[in-house]
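Visitor: Residues per chain are reported as follows:
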Amino acid sequence: MNAHTDAGHTDSGHKEQALLEVRDFQVELITDAGIIRAVDSVSFSIHRGETVTIIGESGSGKSTTAMGILRLLPEDLAVLSGSVKIDGVDVIAEPKAIEKVRGKTLALIPQDPMTALSPVHSIGSQLSEAIRIAGAASTDKGAVQARAIRLLEQVHIPTPEKQLKKYPHQLSGGMLQRVLIAIALASEPQLLVADEPTSALDVTVQGGILDLLLELQEQRGIGILMITHDLGVARLISDRIHVMKDGSFVESGDVQQIVDHPATEYTRDLLAAVPVLGPWDETPGLPATTTTPDAALTNTGARHE
Amino acid sequence: MTNYILKRLGQGLLTVFLTVSTVFILIRLAPGDPAVSYAGPLATTEQLAKVREQFGLDRPVLEQYWIFLQQLFTGNLGTSYSFQAPALQVVAERMPYTLTLATASILLTAVVAIPLGVWMSRRPDTKSEFGVNVLTIAGQSMPDFWTGIMLLTGFAVLIPIFPASGFATWGGLVLPTVTIAILQIALISRMVRREMTTNFAAPYLTVARSRGIRNSILTWRYAMGNSAIPVFTALGTRFAAMLNGVVVVEVVFAWPGVGSLIVRALETRDYPLIQATVLLTALLAVGVQLVIDLAYPLLDPRVRLGKAAAA
Chain A
1 MNAHTDAGHT DSGHKEQALL EVRDFQVELI TDAGIIRAVD SVSFSIHRGE
51 TVTIIGESGS GKSTTAMGIL RLLPEDLAVL SGSVKIDGVD VIAEPKAIEK
101 VRGKTLALIP QDPMTALSPV HSIGSQLSEA IRIAGAASTD KGAVQARAIR
151 LLEQVHIPTP EKQLKKYPHQ LSGGMLQRVL IAIALASEPQ LLVADEPTSA
201 LDVTVQGGIL DLLLELQEQR GIGILMITHD LGVARLISDR IHVMKDGSFV
251 ESGDVQQIVD HPATEYTRDL LAAVPVLGPW DETPGLPATT TTPDAALTNT
301 GARHE
Chain B
1001 MTNYILKRLG QGLLTVFLTV STVFILIRLA PGDPAVSYAG PLATTEQLAK
1051 VREQFGLDRP VLEQYWIFLQ QLFTGNLGTS YSFQAPALQV VAERMPYTLT
1101 LATASILLTA VVAIPLGVWM SRRPDTKSEF GVNVLTIAGQ SMPDFWTGIM
1151 LLTGFAVLIP IFPASGFATW GGLVLPTVTI AILQIALISR MVRREMTTNF
1201 AAPYLTVARS RGIRNSILTW RYAMGNSAIP VFTALGTRFA AMLNGVVVVE
1251 VVFAWPGVGS LIVRALETRD YPLIQATVLL TALLAVGVQL VIDLAYPLLD
1301 PRVRLGKAAA A
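As they're listed, the protein sequences go chains A and B. Sequential numbering of the first sequence, starting at 1, is according to the numbering used here. Sequential numbering of the second sequence, starting at 1001, is according to the numbering used here.
Careful: at least some of the hints might be erroneous.
Residues from chain B that keep clear of chain A, each with C-beta distances beyond 10 Å, as calculated [to be verified]: (1) L1029; (2) I1137; (3) W1146; (4) Y1204; (5) V1207; (6) S1210; (7) G1212; (8) V1248; (9) Q1289.
Mimicking DSS-like on lysine-lysine, the simulated pairs with C-alpha atoms at most 30 Å apart in a straight line are [stated by the list, open to error]: (10) K85/A x K141/A; (11) K104/A x K141/A; (12) K1127/B x K96/A; (13) K162/A x K96/A; (14) K166/A x K96/A; (15) K166/A x K1007/B.
No lab work stands behind these hints: they were computed from the structure. Glycine included, each C-beta is placed from N, C-alpha and C at the ideal position.
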């Protein structure tokens, strides 16, 4: 999973066009208390097959960044500036352009799967709708249904035909997140924005969802923008990490470098916030140097006691 | 499901029985004498006593109630003093008029209030939304007798398009319907807007938007689909309430329905007629409420399939 990561890696190292190219992106929120700059001049890029993680505490602006890129913030309350090029098209300069990429090249995996599907519509109807919008399959009912079943199989949902008839309240959070990933995959997207996709799930389910994302990335070369507050998640799946605080990046770089040699106090605090790294340490592919952050964690942790 | 329906039916019948019994006692406790209304102000004491005997009003209240119950189970609600006809028949003849007015009013309300509420929810904080908002507050605040008289003056007197009273032609339905609907539209449209606004802000809608779903589908299929339950309930409850007689409006427009009948029955202390009216309207209201409850599962899969959350 760290195939794209190398010490000398920079954004400009890629020859091909980036899937996502964010430059000096700003989000100003209009609130009763005045204008708040929730995202302050952030720049980053994601290429095919890469996972870039924005990590930070609640309120650091990481989710606002993701929602701003998708233009899903309320139009009258959020002022966006800078440039966000999705597959070469600047959706800040051309707001209408976002409609051409949503549900096509770009898909969102939401934070809380339990509230992310309409409760009065069946899984099948919401999945079929996404399939029809993607325009890939024919609009023939049988073809759409077959594709829906295939998508549910790809996210490892057992007995997909039965699940199609079910409603969101009949499935568990982990299953719903798989359904949402299947819906996201309906359009064969090139870029997934995953906004804390595991934070609302049980720890035992989290690993399965992350494994699924990695598997899909490997198969299809999807670029992923991962938003998380969990360094365990970040180190497992990221190529690059941007540490966000108060709306701007305080530290950016290779995942190993950030974990092993955090440059700022804030990053060290985030590292210290991971209580025990547990079995994910043994995930093959992680660097053998895991003892270093462990030691660092214990030290910092002790200092806070 | 059958158990549920039987249980609800039982509850409904109990409600109707208690309502009628309460009314039976209360009208006898209230001041006023049916005999005086019937025999006229110049009647002698002997004449009044005779009338009371004829109506059975000289007996103790409990005995009257016992006779009432016995007759109730044979479907006999007594003879109306003022109409000198079976009370139930008098009410049943008026019922279709009230049903027509209530149905027309609720349909007009739904057809106007739902799109209006959706329209308001889609344009928050605009001048046009503000204007409509003010109008709905006005509609909510105007008493219906005043609205009715204004409409009468406007569209039956100054510009005589519609008949001023009665139900001789279908045109006669227009003004009373509009009078009732103005208040209901004001209330329901604001409710629709509130529900829609809540659903527009719900996470599932943002996620649906991220899938490239068109605004019209987000509005009608998603937000409206999720707002339907409370809106449908409100419409049903208002309809049930209208069946009890839209009293003021029926009186203003001399509408030959149950509402104007109950006013006359109360004025003349026509006990059997009051009881029959209450019984019939209570039965209808309970029936409508039951239909609403039974329709829930159709609108909401969470009710239909149980709330049992998977682990």
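Visitor: At 10 Å, judged by beta carbons, does G1212/B keep clear of chain A as stated?
Guide: violated (3 Å)
Visitor: Verify that the Cβ of V1248/B lies farther than 10 Å from every Cβ atom of chain A, and report whether the claim holds or is violated.
Guide: Label holds. Min Cβ-Cβ 38 Å, cutoff 10 Å.
Visitor: Closest CB-CB distance from I1137/B to chain A, is it above 10 Å?
Guide: Non-interface label on I1137/B holds, nearest chain A Cβ at 23 Å vs cutoff 10 Å.
Visitor: Would the pair K166/A and K1007/B pass a check requiring their Cα atoms to be no farther apart than 30 Å?
Guide: holds (29 Å)
Visitor: Does the structure keep K104/A and K141/A at a Cα separation of 30 Å or less?
Guide: This hinted pair holds, its Cα atoms lying about 20 Å apart.
Visitor: Do the alpha carbons of K162/A and K96/A lie within 30 Å of each other, as the hint requires?
Guide: violated (38 Å)
Visitor: Is the hinted pair K85/A and K141/A satisfied, with a Cα-Cα distance of at most 30 Å?
Guide: Given pair K85/A, K141/A is violated - Cα atoms ~35 Å apart, limit 30 Å.
Visitor: Against chain A, does W1146/B hold up as non-interface, every C-beta pair farther apart than 10 Å?
Guide: holds (38 Å)
Visitor: Verify this label for me: Q1289/B is non-interface relative to chain A, using a Cβ-Cβ cutoff of 10 Å.
Guide: Q1289/B clear of chain A: closest Cβ-Cβ about 22 Å, beyond 10 Å.
Visitor: Was S1210/B rightly flagged as not at the interface, with every chain A Cβ beyond 10 Å?
Guide: violated (4 Å)
Visitor: Is it correct that the beta-carbon of Y1204/B has no partner in chain A closer than or equal to 10 Å?
Guide: Per Cβ check, Y1204/B is inside 10 Å of chain A; nearest 5 Å; violated.
Visitor: Find the nearest Cβ of chain A to the Cβ of L1029/B and say whether that gap is larger than 10 Å.
Guide: holds (49 Å)
Hints 4, 5, 6, 7, 10, 13, 14 from the earlier list are contradicted by this structure; the remaining hints agree with it.
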